[in-house]
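K.L.:
Listed here are the chains, written in short residue letters.
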Amino acid sequence: MAGPTIPGGRHRGNRGAAVEKPKNIGKTVARLWKYVGKHRFKLILVVVFVIASTIINLRGTGLIGSTIDDYIIPGDFDGLKTALLRLAFIYMLSALFSWTQLRLAVNLAQHTVTDLRRDLFDKLQVLPLKFFDTTARGDIMSRITNDVDTVSNALNAGISQLISSLFTICGILYFMLRYSPRLTLVTVLTIPALLAATHLITKHSRVYFKQQQKVLGELNGLIEESITGQKVIKVFVKENDVIERLDTVNTSLKDIGVKAQVSSGIMGPVSTFINNLSYGFVAIAGALMNINLGVITSFLLYSRQFARPFSEISQLFNTLLSAVAGAERIFDIMEMDPEPADLENAVELTDVKGRVDFENVDFSYVEGTPILKDINLYAKPGQTIALVGPTGAGKTTIINLLTRFYDIQKGKISIDGKNIFDLKRSSLRKRLGIVLQDTYLFSGTIYENIAYGRPDATAAQVKEAAILANAHEFIRRLPQGYDTVLSEDSDTISQGQKQMLAIARTILADPSILILDEATSNVDTRTEVKIQQAMLTLMKGRTSFVIAHRLSTIRNADLIAVLRDGEIIERGSHKELMQKRGFYHELYMNQFSE
Amino acid sequence: MVKLLKYMKPYKLWAMLAPLLMILEVLSELVIPKIMALIVDYGMANHDTAFIAVMGVLVVLCAFIGAFGGVGGAYYASKSAMYFGADIREKMFRHIQGFSFVNLDKFHTSSLITRLTNDITQLQQIVTMCLRGLVRSPMIMIGGLAMALSINAQLTVILFAGLFIMVCVISALISVSFPLFRRVQLSIDKINTVMRENLAGIRVVKAFVREDKEKEKFREANDELMNITIKAFRAITMMMPVMTIVLNTAMLLIVWRGGHFVASGVMSKGDLMQYLTYITQILMSLMMASMIIMMISRVRACTDRINEVLDTDYDIVDDPDAQTDVIKSGRIVFSNVSFSYPMSTGDPVLENINLTIEPGETVGILGETGAGKSTLVNLIPRLYDVSDGSVTIDGVDVRKISLDYLRKSIGIVLQKALLFSGTIAENLRWGNENATDAQVKAACETAGAYEFVTAFKDGFDTVLGQGGVNLSGGQKQRLSIARTLLKDPRILIFDDSTSAVDTGTEKKIREGLATRLNGTTKIIIAQKISSIMGADKIAVIHGGTIAAVGTHEELLKTCELYSDIYNTQIQKEDED
Numbered sequence: 001m002a003g004p005t006i007p008g009g010r011h012r013g014n015r016g017a018a019v020e021k022p023k024n025i026g027k028t029v030a031r032l033w034k035y036v037g038k039h040r041f042k043l044i045l046v047v048v049f050v051i052a053s054t055i056i057n058l059r060g061t062g063l064i065g066s067t068i069d070d071y072i073i074p075g076d077f078d079g080l081k082t083a084l085l086r087l088a089f090i091y092m093l094s095a096l097f098s099w100t101q102l103r104l105a106v107n108l109a110q111h112t113v114t115d116l117r118r119d120l121f122d123k124l125q126v127l128p129l130k131f132f133d134t135t136a137r138g139d140i141m142s143r144i145t146n147d148v149d150t151v152s153n154a155l156n157a158g159i160s161q162l163i164s165s166l167f168t169i170c171g172i173l174y175f176m177l178r179y180s181p182r183l184t185l186v187t188v189l190t191i192p193a194l195l196a197a198t199h200l201i202t203k204h205s206r207v208y209f210k211q212q213q214k215v216l217g218e219l220n221g222l223i224e225e226s227i228t229g230q231k232v233i234k235v236f237v238k239e240n241d242v243i244e245r246l247d248t249v250n251t252s253l254k255d256i257g258v259k260a261q262v263s264s265g266i267m268g269p270v271s272t273f274i275n276n277l278s279y280g281f282v283a284i285a286g287a288l289m290n291i292n293l294g295v296i297t298s299f300l301l302y303s304r305q306f307a308r309p310f311s312e313i314s315q316l317f318n319t320l321l322s323a324v325a326g327a328e329r330i331f332d333i334m335e336m337d338p339e340p341a342d343l344e345n346a347v348e349l350t351d352v353k354g355r356v357d358f359e360n361v362d363f364s365y366v367e368g369t370p371i372l373k374d375i376n377l378y379a380k381p382g383q384t385i386a387l388v389g390p391t392g393a394g395k396t397t398i399i400n401l402l403t404r405f406y407d408i409q410k411g412k413i414s415i416d417g418k419n420i421f422d423l424k425r426s427s428l429r430k431r432l433g434i435v436l437q438d439t440y441l442f443s444g445t446i447y448e449n450i451a452y453g454r455p456d457a458t459a460a461q462v463k464e465a466a467i468l469a470n471a472h473e474f475i476r477r478l479p480q481g482y483d484t485v486l487s488e489d490s491d492t493i494s495q496g497q498k499q500m501l502a503i504a505r506t507i508l509a510d511p512s513i514l515i516l517d518e519a520t521s522n523v524d525t526r527t528e529v530k531i532q533q534a535m536l537t538l539m540k541g542r543t544s545f546v547i548a549h550r551l552s553t554i555r556n557a558d559l560i561a562v563l564r565d566g567e568i569i570e571r572g573s574h575k576e577l578m579q580k581r582g583f584y585h586e587l588y589m590n591q592f593s594e
Numbered sequence: 001m002v003k004l005l006k007y008m009k010p011y012k013l014w015a016m017l018a019p020l021l022m023i024l025e026v027l028s029e030l031v032i033p034k035i036m037a038l039i040v041d042y043g044m045a046n047h048d049t050a051f052i053a054v055m056g057v058l059v060v061l062c063a064f065i066g067a068f069g070g071v072g073g074a075y076y077a078s079k080s081a082m083y084f085g086a087d088i089r090e091k092m093f094r095h096i097q098g099f100s101f102v103n104l105d106k107f108h109t110s111s112l113i114t115r116l117t118n119d120i121t122q123l124q125q126i127v128t129m130c131l132r133g134l135v136r137s138p139m140i141m142i143g144g145l146a147m148a149l150s151i152n153a154q155l156t157v158i159l160f161a162g163l164f165i166m167v168c169v170i171s172a173l174i175s176v177s178f179p180l181f182r183r184v185q186l187s188i189d190k191i192n193t194v195m196r197e198n199l200a201g202i203r204v205v206k207a208f209v210r211e212d213k214e215k216e217k218f219r220e221a222n223d224e225l226m227n228i229t230i231k232a233f234r235a236i237t238m239m240m241p242v243m244t245i246v247l248n249t250a251m252l253l254i255v256w257r258g259g260h261f262v263a264s265g266v267m268s269k270g271d272l273m274q275y276l277t278y279i280t281q282i283l284m285s286l287m288m289a290s291m292i293i294m295m296i297s298r299v300r301a302c303t304d305r306i307n308e309v310l311d312t313d314y315d316i317v318d319d320p321d322a323q324t325d326v327i328k329s330g331r332i333v334f335s336n337v338s339f340s341y342p343m344s345t346g347d348p349v350l351e352n353i354n355l356t357i358e359p360g361e362t363v364g365i366l367g368e369t370g371a372g373k374s375t376l377v378n379l380i381p382r383l384y385d386v387s388d389g390s391v392t393i394d395g396v397d398v399r400k401i402s403l404d405y406l407r408k409s410i411g412i413v414l415q416k417a418l419l420f421s422g423t424i425a426e427n428l429r430w431g432n433e434n435a436t437d438a439q440v441k442a443a444c445e446t447a448g449a450y451e452f453v454t455a456f457k458d459g460f461d462t463v464l465g466q467g468g469v470n471l472s473g474g475q476k477q478r479l480s481i482a483r484t485l486l487k488d489p490r491i492l493i494f495d496d497s498t499s500a501v502d503t504g505t506e507k508k509i510r511e512g513l514a515t516r517l518n519g520t521t522k523i524i525i526a527q528k529i530s531s532i533m534g535a536d537k538i539a540v541i542h543g544g545t546i547a548a549v550g551t552h553e554e555l556l557k558t559c560e561l562y563s564d565i566y567n568t569q570i571q572k573e574d575e576d
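Protein sequences, first through last, are from chains A and B. Take 1 as the starting number for the first sequence in our numbering and just add one per residue. Take 1 as the starting number for the second sequence in our numbering and just add one per residue.
Hints listed in this document are in silico derivations from the structure and should not be mistaken for laboratory results. Possibly wrong hints are sitting among the right ones.
To be verified - Calculated cross-link-like contacts (lysine-lysine; reagent style BS3-like; alpha-carbon spacing at most 27 Å):
#, chain 1, residue 1, chain 2, residue 2
1, B, K457, A, K395
2, A, K130, B, K213
3, A, K214, B, K215
4, B, K457, A, K373
5, B, K91, B, K215
6, B, K400, B, K441
7, B, K91, A, K238
8, A, K34, B, K6
9, A, K259, A, K238
10, B, K106, B, K508
11, A, K238, A, K27
12, B, K215, A, K231
13, A, K395, B, K416
14, B, K441, A, K34
15, A, K259, B, K9
16, B, K106, A, K238
17, A, K395, B, K537
18, A, K580, A, K463
19, B, K231, A, K34
20, B, K457, A, K130
21, A, K238, B, K416
On a predicted model such as this, the values are computed, not experimentally measured, just so you know.
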């Protein structure tokens with residue numbers, strides 16, 4: 001982790017290790033309690049209703065048996081009638097309780113996970129870019145879906161079932177004792193067998209399920225890769241190799257899957273078996289002990305119920321454990337360091353003239369591998385600075401630093417003489433306009449996308465921005481015009497048109513300083529000319545940093561900074577650099593002579 | 001579902017054993033209460049200890065048989081379902097590998113992935129449950145009813161009434177909650193979309209300081225999900241309480257009626273007790289059955305999605321008498337070629353293309369995005385088939401050449417450089433499994449990749465993440481060029497595959513190719529004129545047709561479109 005480590009402090013352990021088993025149950029449960037505790041009242045009600053309906057159910061079971069002894073055998077049908085009516089009332093009450101309880105539990109669970117999801121998303125919004133650049137997207141998605149789901153499952157059914165199971169066991173024992181302590185002893189004798197069996201089975205199945213999850217992940221990766229890479233596979237005629245690779249993983253998934261399924265599937269029959277045994281023991285013992293019929297009847301009904309809560313608890317244990325593990329993965333993200341807070345006396349950036357200074361800036365993404373070394377760069381208001389150099393020279397990094405997507409480790413960056421560290425981050429970013437190479441639009445209408453940086457813009461302003469960005473023409477020709485809905489990965493508009501929309505979006509935001517990352521390819525020449533024009537409109541009167549690939553941009557730049565291996569090795573105008581016949585000259589000649 | 005059952009054939013023995021074994025379990029469950037009643041009625045009434053002991057042993061025996069059946073049933077049900085699912089998965093995957101791009105374009109990648117994983121896993125689970133439960137529940141129900149009828153036919157009327165009410169309640173609740181759960185699924189999709197967009201577009205969100213708006217957007221979707229979920233669960237939460245009420249009411253009524261029968265001597269006390277046990281069993285199994293029915297109605301969506309993949313017919317297959325060893329010199333002729341995507345209504349992508357590429361020639365292809373350049377070269381290795389006209393190599397129509405042989409003879413470097421997880425060396429050897437280290441090195445040198453690969457700590461053994469995540473775009477492109485060079489193809493195609501390589505390196509690669517592969521027919525698609533200026537001839541594609549063919553100098557003079565492009569790209573720069 002990037003955070004400073006306190007000398008002598010305990011190391012938190014390896015974050016990269018796979019988290020399947022909760023590492024710190026107590027802490028995670030305490031954090032989870034903060035969420036559940038908000039709905040404390042509902043939780044208490046759930047517990048009360050669970051206990052109430054459990055007790056009533058148990059009591060009812062006993063009463064049915066005793067009606068046989070008390071009323072039917074003596075032939076007292078009036079008594080039987082009142083007894084049965086009373087029972088009916090009790091059953092209704094119990095059903096009502098359990099219904100209320102179930103609804104409350106669902107409500108509680110849903111509110112809790114909604115809070116969790118919201119907080120997780122909010123947290124993502126303040127995490128530094130480093131997090132997003134270094135964490136697999138699928139992993140974050142899985143936390144917000146799968147992991148939140150496991151918590152939801154546990155809360156939905158888990159808690160009330162746990163309480164109900166525990167209470168059922170206690171209750172059954174209590175009533176059994178009241179009816180016949182001797183028969184109770186017979187039933188209790190089967191408990192150790194039940195516990196041992198449960199323990200043995202769950203111990204194995206937990207391991208199998210963990211392995212199954214892992215193999216499933218492997219399979220997922222393999223399938224994804226071979227479908228996205230279909231073209232390459234076809235072109236190299238590698239279909240059979242890929243099928244072979246799948247077969248291997250598929251077979252091991254099959255084998256571990258059988259083990260997992262069988263081990264969890266035999267739980268039922270085994271507990272039924274033990275239950276049947278105790279059932280038989282009770283009948284035989286009861287007969288031998290000469291206990292009366294009603295007592296045995298009730299007792300048998302109880303003992304049929306006895307094994308169920310045990311196997312329920314053992315299965316719940318798995319659910320709860322994986323919920324805690326899931327919660328831990330969620331809290332792992334919530335615990336991460338956010339973007340450092342603004343300084344206490346941070347000021348708003350207003351009335352920007354547009355002077356930008358980089359002074360002795362050093363930066364590295366990973367300690368020990370410097371990306372930028374001692375960068376000095378000065379832009380006067382309104383100037384265009386072109387950044388040129390081979391891939392990996394550090395051009396994009398300069399942009400990442402000015403926007404404070406990443407923070408510099410040494411040196412100083414200032415705007416109009418103000419150190420960017422002394423500015424409010426949001427006001428800094430609002431004054432900067434960024435057009436990235438990979439144009440990213442959101443699902444929504446074209447209108448919404450242009451107004452992204454300024455949701456309160458009028459329709460006239462949006463249209464004007466589109467006109468300036470050369471986008472109005474093509475938007476007008478779309479059947480739905482500005483209301484055309486763009487969806488994820490949508491092909492409604494071309495890559496070049498997307499770039500023009502991104503430029504319109506930035507024009508509307510009206511930034512003081514511009515950062516442009518020119519797209520390299522995949523756009524045809526005519527569209528490129530249009531984009532070029534739009535960019536020039538955008539740059540007019542604004543200090544601009546351009547990662548340049550087009551010589552027309554470079555030629556018009558006031559200053560060209562040539563980067564190689566993290567250092568500015570040449571700087572000057574196009575003419576000056578050409579005359580110098582250095583690295584820039586070589587780059588230029590390579591591209592345009594044959 | 002029925003269609004997929006043929007994949008169960010190899011495992012039909014297991015699939016039949018499972019329910020058969022479950023019958024043992026059911027029988028023991030039905031017989032044990034019967035024996036109990038005998039103990040109570042006969043053994044206890046007569047104080048016949050010997051009888052009780054014998055019956056007790058019988059109960060234990062039954063319990064053993066039942067457990068044997070239950071465990072065995074679980075084993076064979078799981079085993080057959082797992083093997084069945086794994087076979088379907090393999091079949092599907094194999095089938096997909098044979099898909100043409102027309103086939104593949106029909107499905108989204110992520111949807112294919114879910115079909116191969118989630119859908120099959122769900123199918124397996126449900127098959128397991130069906131094999132164990134679908135037989136067990138009706139068996140218990142029928143057996144229990146038979147037993148109940150044999151004890152007392154009149155009481156069974158109450159039982160039937162209870163059953164009827166339960167079936168009504170269950171189907172009502174299912175029909176109410178089903179559409180709601182579909183809406184829950186839609187809400188989840190919405191949340192995932194907001195989430196995915198924020199992860200992918202985080203730079204834009206931050207750059208436009210839109211964090212608060214995005215939070216609001218998420219909050220809305222989040223709350224909607226909560227409300228709809230609570231609503232959907234409302235119906236489900238009624239299920240259990242209502243069922244217990246019905247169950248218990250039936251019990252009470254039976255005690256009432258049965259009590260009279262016992263008093264009048266029609267029925268014994270043991271019988272009544274036994275009867276109550278059967279009722280519980282019957283109604284419980286009905287509850288189980290209703291759960292299974294709910295799951296089965298959900299599995300239909302899965303099986304439909306699986307079948308959709310399996311039922312897709314290939315549209316590019318080998319000709320029955322496909323030829324091999326026909327590509328000798330590499331002369332390619334497009335005659336009157338037209339192409340449009342099947343089912344698309346728009347203009348054809350390519351129209352009436354005539355182009356001859358002589359052996360050993362280098363041909364450049366230039367044109368706007370969407371002009372049809374990639375489509376044109378994709379027709380050569382039959383990634384797509386022509387709609388009209390023909391493409392021939394050395395005089396043989398590509399559709400008459402064996403697909404494997406054709407694709408092995410052609411090297412095509414794709415626009416999107418895609419590498420697979422594994423080491424760099426493994427990736428390079430996709431081109432030729434038996435390539436020597438020297439050959440690998442030579443290919444990398446030509447592709448301008450040797451330097452950066454050897455700069456890695458592990459060199460050629462550097463492990464790449466999925467999609468080659470730890471490489472830059474230019475590095476990936478250079479490796480994919482090297483990979484193709486190792487194939488040593490007769491025909492080499494570059495589909496705009498040096499876009500992320502810096503100009504200096506690109507020039508070196510071009511020179512290397514010219515000297516080392518001068519006998520190979522080369523086709524180069526490019527955006528930059530500088531990449532193809534030296535070609536033997538250049539074809540300018542415009543709106544799906546060939547606008548002009550000629551050398552650089554010829555085209556400058558004769559083709560207005562070409563000189564336009566040239567001017568925007570180069571001449572303006574030279575004015576200085």
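K.L.:
So which of those numbered hints doesn't the model satisfy?
P.N.:
3, 5, 6, 8, 9, 10, 11, 12, 14, 17 and 18
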